[in-house]
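> Go ahead and model the full structure; you've got the sequences and the hints to work with.
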Amino acid sequence: MLEPPLLEVSGLVAGYGGGTTLHGVGFTVAPGEAVALLGRNGVGKTTLMRAIMGLIPAHAGTIRFAGVRIDGRPSFAIARSGVAYVPQGRALFGGLTVEENLILGDLRAADAGRVYALFPMLAERRRDTAGRLSGGQQQQLAIARALMARPKLLLLDEPSEGVQPSAVLEIAGVLADVAAAERMAVVLVEQNIDLALRLTTRAVFMDRGRVVAEDLVADLRDDRSRLDAHLVL
Amino acid sequence: MMPRRTVDLVGLAALAVFVALPTLAASWLLGDLAVYFAYAVLAVSLAFAWGHCGLLSLGHAVFFGIGAYAMGTLTLGMLPGLETIRSTWIGLAFAVVAAGGVAWSIGWFTFSGRGLHGAFFGIVTLALAVVFERLAINWDWIGGLNGLMNVPPIVLGLNGDGHELWEPVPVYYVMLGALAIVVAGLTVFQRSDWGLALAALRENELRARTLGYDTGAMKRRAYALSGSVAGLAGALFVVQFGFVSPSLIGFALSTEALIWVALGGRGELVAAALGVIALRLLEGQLSSRLDAWWPLVLGLIFMAVVVLLPRGVFGEAIHRLTRMRGI
Amino acid sequence: MQAATMFLDGANAVLILMLVALGLAIVFGLMNVINLAHGEFLMLGAYVVLASGQAGLPFWAGLALAPAAVGLVGLVAEGLLIRHTYARLLDTILATWGLSMVLRQSMVILYGPGSYSVAAPDLGSVVVAGAPYPVYRLAIMAISLAAIAGTFALFFRTRFGLAARAAIADRAMASCLGIDTRRLDRWTFSIGAALAGLAGAAVAPLISVDPQAGLGWLVPAFLAILVGGLGSIAGPLVGAAGVGGLDSLVAALASPVWAQLVVFVAAILVIRLRPTGLVARPDREA
Numbered sequence: 001m002l003e004p005p006l007l008e009v010s011g012l013v014a015g016y017g018g019g020t021t022l023h024g025v026g027f028t029v030a031p032g033e034a035v036a037l038l039g040r041n042g043v044g045k046t047t048l049m050r051a052i053m054g055l056i057p058a059h060a061g062t063i064r065f066a067g068v069r070i071d072g073r074p075s076f077a078i079a080r081s082g083v084a085y086v087p088q089g090r091a092l093f094g095g096l097t098v099e100e101n102l103i104l105g106d107l108r109a110a111d112a113g114r115v116y117a118l119f120p121m122l123a124e125r126r127r128d129t130a131g132r133l134s135g136g137q138q139q140q141l142a143i144a145r146a147l148m149a150r151p152k153l154l155l156l157d158e159p160s161e162g163v164q165p166s167a168v169l170e171i172a173g174v175l176a177d178v179a180a181a182e183r184m185a186v187v188l189v190e191q192n193i194d195l196a197l198r199l200t201t202r203a204v205f206m207d208r209g210r211v212v213a214e215d216l217v218a219d220l221r222d223d224r225s226r227l228d229a230h231l232v233l
Numbered sequence: 001m002m003p004r005r006t007v008d009l010v011g012l013a014a015l016a017v018f019v020a021l022p023t024l025a026a027s028w029l030l031g032d033l034a035v036y037f038a039y040a041v042l043a044v045s046l047a048f049a050w051g052h053c054g055l056l057s058l059g060h061a062v063f064f065g066i067g068a069y070a071m072g073t074l075t076l077g078m079l080p081g082l083e084t085i086r087s088t089w090i091g092l093a094f095a096v097v098a099a100g101g102v103a104w105s106i107g108w109f110t111f112s113g114r115g116l117h118g119a120f121f122g123i124v125t126l127a128l129a130v131v132f133e134r135l136a137i138n139w140d141w142i143g144g145l146n147g148l149m150n151v152p153p154i155v156l157g158l159n160g161d162g163h164e165l166w167e168p169v170p171v172y173y174v175m176l177g178a179l180a181i182v183v184a185g186l187t188v189f190q191r192s193d194w195g196l197a198l199a200a201l202r203e204n205e206l207r208a209r210t211l212g213y214d215t216g217a218m219k220r221r222a223y224a225l226s227g228s229v230a231g232l233a234g235a236l237f238v239v240q241f242g243f244v245s246p247s248l249i250g251f252a253l254s255t256e257a258l259i260w261v262a263l264g265g266r267g268e269l270v271a272a273a274l275g276v277i278a279l280r281l282l283e284g285q286l287s288s289r290l291d292a293w294w295p296l297v298l299g300l301i302f303m304a305v306v307v308l309l310p311r312g313v314f315g316e317a318i319h320r321l322t323r324m325r326g327i
Numbered sequence: 001m002q003a004a005t006m007f008l009d010g011a012n013a014v015l016i017l018m019l020v021a022l023g024l025a026i027v028f029g030l031m032n033v034i035n036l037a038h039g040e041f042l043m044l045g046a047y048v049v050l051a052s053g054q055a056g057l058p059f060w061a062g063l064a065l066a067p068a069a070v071g072l073v074g075l076v077a078e079g080l081l082i083r084h085t086y087a088r089l090l091d092t093i094l095a096t097w098g099l100s101m102v103l104r105q106s107m108v109i110l111y112g113p114g115s116y117s118v119a120a121p122d123l124g125s126v127v128v129a130g131a132p133y134p135v136y137r138l139a140i141m142a143i144s145l146a147a148i149a150g151t152f153a154l155f156f157r158t159r160f161g162l163a164a165r166a167a168i169a170d171r172a173m174a175s176c177l178g179i180d181t182r183r184l185d186r187w188t189f190s191i192g193a194a195l196a197g198l199a200g201a202a203v204a205p206l207i208s209v210d211p212q213a214g215l216g217w218l219v220p221a222f223l224a225i226l227v228g229g230l231g232s233i234a235g236p237l238v239g240a241a242g243v244g245g246l247d248s249l250v251a252a253l254a255s256p257v258w259a260q261l262v263v264f265v266a267a268i269l270v271i272r273l274r275p276t277g278l279v280a281r282p283d284r285e286a
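Chains as they are written, first to last, in this note's numbering: chain R, 1 to 233; chain A, 1 to 327; chain D, 1 to 286.
By construction, these hints were calculated from the structure, which means they are not laboratory data. Ideal Cβ positions, reconstructed from N, Cα and C, are used throughout, including at glycine. Hints should not be assumed to be uniformly reliable.
Stated by the list, open to error - Among chain D residues calculated to face chain R with C-beta under 8 Å, some are:
| id | residue |
| --- | --- |
| 1 | I109 |
| 2 | Y111 |
| 3 | G114 |
| 4 | S115 |
| 5 | R159 |
| 6 | A163 |
| 7 | R165 |
| 8 | A166 |
| 9 | A169 |
| 10 | D170 |
| 11 | A172 |
| 12 | S175 |
| 13 | L177 |
| 14 | I179 |
| 15 | D180 |
| 16 | L246 |
Following this line, the structure appears as structure tokens:
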């Protein structure tokens, strides 16, 4: 690493209620790097994202963002320091309009012009209620909302879920452009392995609440058997 | 069979102390305590509804008042067609049934279908107390603002004839006995299958429903039971005081009962009973000294206990003792 | 004509009740807090008018001062008390119940248990449908409407309101977007208190100003919310219209005692038939 990592998770133990889902997770993300978080259902990928976002408390371990500890801090403070989260299911405010949802991404912004330029479809539908959009449109809205605040790190959980493949590709394209332009790091949880490998440069594999392997996507693409080996674990 | 649970031992110890007390205490104290025992029955009924079943009844005194009025109107021979029935025992039964019936009806309105959010149920009971108090004030047949006077005391005979219970010591033991029976009975109920199901419902009603329990019916019955016990308390009260007035049915007494149970302990019936007795004894000492500040101080203590000691003073003590002993 | 006066008085009562119910509903919607001291906020508003009158200030100064003063009390109460019981909903109810006791008793200590009256500003009267009607009462209606409209504007036209609506819909996600939900809570609670304080100040000349004054509004306000439903902002208003209207009608035709009874029975009947209230919940989540 030439510069210090943007996100540094170390020995993280966390879970819901009284239980523990993460048993000592450690991984890093460099500034501007796109990392895929892969593994079967239930291994703790979403839990890890929620823990980074401060939605569940860490029992042990540390999470550092831009060198500063964020574990234990309230979610809004973590968001304000530059982390954006698009959860599984998108969590849009269905009763509010597209424009209102976007403004909520950054209440200090004058308007959503920058983001409308990236997603022209949203500009056309700015007064529609978010609940009326299609799956693909909602995903665009969720991501656009996250991008409003110009985050340094974007956490994306299952963005392709419930979205048509053509729409997924479109979104992927925009994301790649933004990430490159703004030097935004991305952590992506995805069941669609091809999409994940297309968008990222490094893959981190989880199993049973731990990180069990890491590999460069370039290497994985050249040798599919390595990928299968990681996923079978 | 000797009970092993800490809470039971505490209850028995307290009972022993109270049984022995008349040998030492002055008769005015026994008189006061006898009234406190009646209040304690009310506190226990509320602790059962709230602490065990999770039903926050903000207007619980309404059942106390209904019981008191029921007892009063019957033994005074005011009920049309029943003028000759003056039996204490029928009066008690009437009090229990009337109060329980009203409680069940409220349950029917508020617990049916998906029922009301717990807090809103509380508001409904509060509204009930306010409405009933206003009714009582305005209903001249039951005495209006002044209420009913000269309600007969406990009469041991079958129909209002026989020995009247006036002396402090016998009345004291009757009230203590009633309280002990109520606590014992409700405790047995709480530990039965029914009671355990109700506790599960309190913890997670959704889960109980998905497990197939008819939670609405369970809550109705539990609330009816609680209401009838509160009605009994009212009847026990009125035979000592000899009068019943709208203040026994309304908002002020309901609030007091809530304070008693919060301070004593909602989780254990014994804690609630001890709480009201202790609090009333304390109030007897402090309220004349503190005057208008007493309710303020009480309110502050109440807030502090709710925030800091949710198990209540006696409840917390019993909890710690239980932890030390292991059971 | 008696009917016109009856109607105007009823409209008066309904609008004030709407104000009170709105404050309660907003606090509940955002914070899941059932504030049993809300009636006392109204009572405090009336006392502010009384106190400012005793200090020689004109009535309208008292009216303007009341929401600010009571809003401040709400802010303090939230910080000292409510924030500690967020996790336990039923305990929040108790804590606010304790607060209401403390507020009531504080006024007893400060002003005594008796009641005071506040003189209405003499604005004369206006002839409505053949009968004279005090202009002050019309002023109250105007004030209430303005306050309700202002509240709507705050919640639907400002970024603060947008943040609040988002937090009501999905608190966790709002926080993930950088919204400080705790600060929202504080200000929302304060606004709810201020609304009640304004209501209390406006009705001060019409009621007996005593420590128990708040209670008479608490129960109807809650019944209004229960009947109207909490799914949307229209719910409490519809509920207040129903409860207040029915109460005024029966009180005028029979007596206030009957009114209270009828309203109660009607309310629990509505709740039995439609537990989520009269106004349906709009589609909330995507």
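> Compare the structure with each hint and give your call.
Do the hints match the structure? See the list:
The beta carbon of I109(D) comes no nearer than 39 Å to any beta carbon in chain R, farther than 8 Å, and the hint placing it at the interface is violated. At a threshold of 8 Å, the smallest CB-CB gap from Y111(D) to chain R is about 42 Å, leaving the interface hint violated. Because the smallest distance between the Cβ of G114(D) and any Cβ of chain R comes to about 48 Å, over 8 Å, the interface hint for this residue is violated. At its closest, the beta carbon of S115(D) sits 45 Å from a beta carbon of chain R; the interface hint therefore is violated under the 8 Å criterion.
Among the interface hints, the one on R159(D) holds; its C-beta lies about 5 Å from the nearest C-beta in chain R, closer than the 8 Å criterion. Taking 8 Å as the C-beta cut-off, the interface hint given for A163(D) holds, the closest approach to chain R being about 6 Å. Annotation: interface hint on R165(D) holds; nearest CB of chain R at approximately 7 Å, less than 8 Å. At about 5 Å, the closest approach between the beta carbon of A166(D) and any beta carbon in chain R falls short of 8 Å, and the interface hint on this residue holds.
Because the beta carbon of A169(D) sits about 5 Å from the nearest beta carbon in chain R, less than 8 Å, this interface hint is met. Using the Cβ-Cβ criterion of 8 Å, the hint placing D170(D) at the interface with chain R is satisfied: the shortest such distance is roughly 6 Å. Hint status for A172(D) relative to chain R: holds, with the closest Cβ pair at about 6 Å, below 8 Å. Look at S175(D): its Cβ gets to within about 4 Å of chain R, closer than 8 Å, so that hint holds up.
The interface hint given for L177(D) is met, as the beta carbon of that residue sits about 5 Å from the closest beta carbon of chain R, less than 8 Å. Taken as an interface hint, I179(D) checks out: its beta carbon lies about 6 Å from the nearest beta carbon of chain R, inside 8 Å. With 8 Å as the threshold, the beta carbon of D180(D) comes within range of chain R, its nearest partner Cβ sitting at about 5 Å, so the hint holds. Of the supplied interface hints, the one on L246(D) is violated, with its beta-carbon coming no nearer than about 30 Å to a beta-carbon of chain R, more than 8 Å.
Comparing the model with each earlier hint shows violations of hints 1, 2, 3, 4 and 16; every other hint is respected.
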